[in-house]
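S.K.: Each chain, written out:
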Amino acid sequence: MIDRLIEMFAYAFLVRAIAVGLLVSLCAALLGVSLVLKRYSMIGDGLSHVGFGALAIATAMNAAPLSVAIPVVVLAAFLLLRLSENSKIKGDAAVALISTGALAVGVMVISFTSGMNTDVYNYMFGSILTMSKSDVALSIILAVVVLALFVLFYNRIFAVTFDENFARAIGINTGLYNMLIAFLTAITIVLGMRMMGALLISSLIIFPALTSMRVCKRFISVTICSAAVSVLCFLTGVILSFLFAAPTGASVVLVNIAAFFLFWAARAVMDRIPKKPG
Amino acid sequence: MALIICKDVSFDYEGHIAVSGLNFEVNSGDYLCVVGENGSGKSTLIKGILRLKTPAQGSVAFGGGLDLNGIGYLPQQTAAQKDFPASAYEVVLSGRLSALGGKPFYSQADKSEAEKNMKRLDISHLRNRCYRELSGGQQQRVLLARALCATKKALLMDEPVAGLDPVVTQELYKLIETINSETGLTVIMVSHDVQSAVKYASHILHLKNTQVFFGKTDDYIKSDVGKVFLGIGA
Chain U
539 MIDRLIEMFA
549 YAFLVRAIAV
559 GLLVSLCAAL
569 LGVSLVLKRY
579 SMIGDGLSHV
589 GFGALAIATA
599 MNAAPLSVAI
609 PVVVLAAFLL
619 LRLSENSKIK
629 GDAAVALIST
639 GALAVGVMVI
649 SFTSGMNTDV
659 YNYMFGSILT
669 MSKSDVALSI
679 ILAVVVLALF
689 VLFYNRIFAV
699 TFDENFARAI
709 GINTGLYNML
719 IAFLTAITIV
729 LGMRMMGALL
739 ISSLIIFPAL
749 TSMRVCKRFI
759 SVTICSAAVS
769 VLCFLTGVIL
779 SFLFAAPTGA
789 SVVLVNIAAF
799 FLFWAARAVM
809 DRIPKKPG
Chain B
921 MALIICKDVS
931 FDYEGHIAVS
941 GLNFEVNSGD
951 YLCVVGENGS
961 GKSTLIKGIL
971 RLKTPAQGSV
981 AFGGGLDLNG
991 IGYLPQQTAA
1001 QKDFPASAYE
1011 VVLSGRLSAL
1021 GGKPFYSQAD
1031 KSEAEKNMKR
1041 LDISHLRNRC
1051 YRELSGGQQQ
1061 RVLLARALCA
1071 TKKALLMDEP
1081 VAGLDPVVTQ
1091 ELYKLIETIN
1101 SETGLTVIMV
1111 SHDVQSAVKY
1121 ASHILHLKNT
1131 QVFFGKTDDY
1141 IKSDVGKVFL
1151 GIGA
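Top to bottom, those sequences are chains U and B. Counting from 539, one number per residue, gives the positions in the first sequence under the numbering used here. Counting from 921, one number per residue, gives the positions in the second sequence under the numbering used here.
Excised from the complex, chain U in its bound form (with noise of 0.2 Å):
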C-alpha cells in the first residue's frame, strides 16, 4: 500500500490537485462555521450551481473557466447575501430560485452547443484532472487571505456571527463583513468545484463546521477542529479514492459522512460519562 501512495505522488496532476483540495478544504472549514451558524448553509450549495451555469457558458465561447465563473459566482454571492437579508422571498426561497434557474441555464447552453458530454458529467460530480499550475497559485493566495483574514478579524468575525444586531450596535460593518465573507465564500467554491463537482462542493462548507460542533464547545474549538477535520478528511478522501479507483468528490464528502458519524457518537458518549459536580 505504501508502494501505491509514492505511486501516487509521482503523479505532477495529482499532486497538484491534492494542494489545491487542502487549501480549498481549510478556506472552505472557517468560511463554514461562519456560514453555518448564520444560517447560510444554502448559499454555498446556491452558488456552486450558478458556477455549473458559469463553466457551461465559458466552455460554449471557449473562455477560460475561470475568468467567466469567478464574476458571475461573486456576483451571485452578494446577490445571494442581499435576498437573505431583506427581501420579499425569502432567503432560503431566493437561493433555489437562483441555483435551479441557474443550473437549466447551464444544462441549455451545454445541449445547444457541445451537447451532454464527459465535460458536462466532470462539471456535475468533479474530476481530479482538472487542476492547472495557476489553479495552484490562484489556491494559495486565496487560502493565505482566509487565513490572514481569520487570525486578524477572529473576533470581529465572532461578533458579527454570533450577534449581529450588537455588533452593528457598537459600530462594526457587519454588512462589509458579511460580504467579504460572500466573496471568498465564492472564490473557494468556483475553485473546488471542478474536483469535487458542483452537486458536491458544498459538503466541504458544511460538513466539518457541523461535524466540530458535534463535541466543540467554544467558537474558537469549532474552527481551529473544522479546519483539522476538513484537511483530514479531504486527504483521506483522495488517497481512497486513487487506492479504489473511486470518484474523488463522491469519496470525499463519505469521508466526511463517516467523521460526522464518528464525532456524533463521541458526544454521545461524552454526555453518558457523569460529570463531576461543580
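Just to be clear, a hint being listed does not mean it is correct.
Said to hold, decoys possible - One-sided excerpt, in silico: chain B residues whose CB lies under 8 Å from chain U:
| hint | residue |
| --- | --- |
| 1 | 932 |
| 2 | 970 |
| 3 | 972 |
| 4 | 989 |
| 5 | 991 |
| 6 | 1004 |
| 7 | 1005 |
| 8 | 1026 |
| 9 | 1050 |
| 10 | 1054 |
| 11 | 1070 |
Claimed, not checked - Derived lysine-lysine pairs resembling DSS-like cross-links, with alpha carbons at most 25 Å apart:
| hint | chain 1 | residue 1 | chain 2 | residue 2 |
| --- | --- | --- | --- | --- |
| 12 | B | 973 | U | 576 |
| 13 | B | 1039 | U | 755 |
| 14 | U | 576 | B | 1002 |
| 15 | B | 1119 | B | 1073 |
| 16 | B | 1147 | B | 1119 |
| 17 | B | 1072 | B | 1036 |
| 18 | B | 1036 | U | 755 |
| 19 | U | 755 | B | 1002 |
| 20 | B | 1072 | B | 967 |
| 21 | B | 1119 | B | 1142 |
| 22 | B | 1073 | B | 973 |
| 23 | B | 1039 | B | 1094 |
| 24 | U | 755 | B | 1031 |
| 25 | B | 1094 | B | 1072 |
| 26 | B | 1039 | B | 1072 |
| 27 | U | 576 | B | 967 |
Hints were generated in silico from the structure; no laboratory data involved. All C-beta atoms in this analysis are idealised placements derived from N, C-alpha and C, irrespective of residue type, glycine included.
For chain U, the structure is supplied; the task is to place chain B on it using the hints.
M.R.: Below, chain B alone, put in the same frame as chain U:
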C-alpha cells in the same frame, strides 16, 4: 446632565409612520422604561437611538460625552444564538470589541474587564460553559455582562425578561436595579411588563405610535393613561 435628547422625532417604514411626536430627554443615572403594546414603536425607537435607523423628522442627539460606542446594548435573542457553540467567556469578552479600535486582539485590560463583569453578575463559575447549555436566565446574564463590557454610561435593553420564568425575571430586575443604583449607569429598557416597569423605573415613556406619556414614574401612576394601562380603575 442629558445623555440622550429626542426632539420632535418620528420614524417611518417605507413612507408609513411607525412612531411620531417623540420629545424626551434621558439624564445620566435615569432608569427609563419604554412601555406600550406590540407595534407601538418601541423597537423602532431603540434602533433610532442606536443609529441603526435615521429619523424621518427631528433629531436624536447624544450629550454628556455619550457616543455610540458608549452604549451597552442587550438585544433580543435570535433563534440562531440558542444553539451557538461559544463559551460564556467568549461572549462576554466580545463586548470589549468597541474598545478595540483598529487592533486585532484583546489586551489584558480587556480580559480583566470581562472577568470583572462576570464576577459582578455572579456568572464567573459559568466561564467555560457552552452558551447553548445555559438556562434562559443565565444566558441573559451573559449578554448583560457583555453589554456592561461595552459601556460606562448607558445600557439599552430590548425586552430583557422575554421568555424567562417569574423567579428569574424578578432576579434579573433586581440585578438591573442594583447596577443602576450602585454604578449610576443609565438604563433604558423596552418592556411589556408594565407592573415591573413602574416598580423599578424612575421614568416612564409610554408609546402608542406617538408619545402618550413621558415623565416620572409617580406621575405616570396618577395619570389617566397610566391608570388604564396598569389596570387600576379610573
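S.K.: Against each hint, give a clear statement of whether it holds in the structure.
M.R.: Now the hints, each set against the structure:
no.	hint	verdict
1	932	violated (16 Å)
2	970	holds (5 Å)
3	972	holds (6 Å)
4	989	holds (6 Å)
5	991	holds (7 Å)
6	1004	holds (6 Å)
7	1005	holds (5 Å)
8	1026	holds (7 Å)
9	1050	holds (4 Å)
10	1054	violated (11 Å)
11	1070	holds (6 Å)
12	973/B / 576/U	holds (23 Å)
13	1039/B / 755/U	holds (21 Å)
14	576/U / 1002/B	holds (12 Å)
15	1119/B / 1073/B	holds (22 Å)
16	1147/B / 1119/B	holds (14 Å)
17	1072/B / 1036/B	holds (13 Å)
18	1036/B / 755/U	holds (23 Å)
19	755/U / 1002/B	holds (13 Å)
20	1072/B / 967/B	holds (20 Å)
21	1119/B / 1142/B	holds (14 Å)
22	1073/B / 973/B	holds (21 Å)
23	1039/B / 1094/B	holds (16 Å)
24	755/U / 1031/B	holds (20 Å)
25	1094/B / 1072/B	holds (19 Å)
26	1039/B / 1072/B	holds (17 Å)
27	576/U / 967/B	holds (21 Å)
Comparing the model with each numbered hint stated earlier shows that hints 1 and 10 do not hold.
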